[in-house]
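Trainee: So the sequence shown is numbered by the numbering used here: it starts at 11 and just counts up by one.
Keep in mind that a hint or two might mislead.
DEER-style ranges, computed between Cβ atoms [claimed, not checked]:
1. Gly144 / Tyr242: 41 to 47 Å
2. Asp199 / Val90: 30 to 36 Å
3. Gly213 / Glu169: 36 to 42 Å
No lab work stands behind these hints: they were computed from the structure.
By construction, the Cβ of each residue, glycine as well, lies at the ideal position given by its N, Cα and C atoms.
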Amino acid sequence: MTRTSEPFISIIIPVLRDAEQLARLINTLPVVSVERSSEIIVVDGGPDPALEELRVRFPNIRWLQSRIGRGPQMNHGAAVSNGQWLCFIHADTCLPVGWDHEIARINEMSDVVGGSFRFVLDAENWQARLLERGVEWRVRWLDLPFGDQGLFVRRDVFEVMGGFKSWPLMEDVDIVRRLRQRGRLWHSDLPIRVSPRRWRRDGWFLRSAGNLCLLMLYMAGMSPERLARIYYRRNIRG
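Using the sequences and the accompanying hints, generate a full structural model.
Mentor: The structure is reproduced here in structure tokens:
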């Protein structure tokens, strides 16, 4: 498909009852881009009436609704987007300064099909620093970033792959594994700041230990549906 006046990057944000977090994120993004180097697409799995104020304040953002689930929501946003690169970010994160220049630089590396940013928790706690080191180890040695690290991917590769699976869990792990089969992943040193709210709610190490157990069960062959039942039964919500 030929696109005219296309932006270089499409930022796609799946949300579900995330109005407060989304408001903070939007204030850090280029909502009005004179050069149309980027576009912002928010996909609500609600609908959420709390987003109405943001819709009014930011008419340059494309506001969509889809069925619930990060996979379906991100696929829906990608289907209407126009960017050469797709950047999928969570509402409770904050992209680093220079994120767009980083992707522009990576665009010149023909063997790179996608990547992620460096995971940093927006907290001063020592526990946060330890968890960041754990994520750094996972990304370095397993080549496996998660969705909260701001996954970005070339549009043509994403479309050939068929996008995200419509799974209730592990859709980010799945697409990263499939991307590795298409080419090299670039793990940027630029830090994406992640809200610590879920770790503070569930326990700094309990939440991460639970996520690690789920990942191991998934790698061992347990279905995403069964994993999701475990995940939500523990009241550790994504």
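Trainee: All the hints need checking, so say for each whether the structure fits it.
Mentor: Hint by hint, here is what the structure shows:
At roughly 23 Å, the beta-carbon separation of Gly144 and Tyr242 lies outside the given 41 to 47 Å, and the hint is violated. Range check, Asp199 to Val90: Cβ separation about 32 Å, and the 30 to 36 Å hint holds. Range check, Gly213 to Glu169: about 40 Å between beta-carbon atoms, so the 36 to 42 Å window is met.
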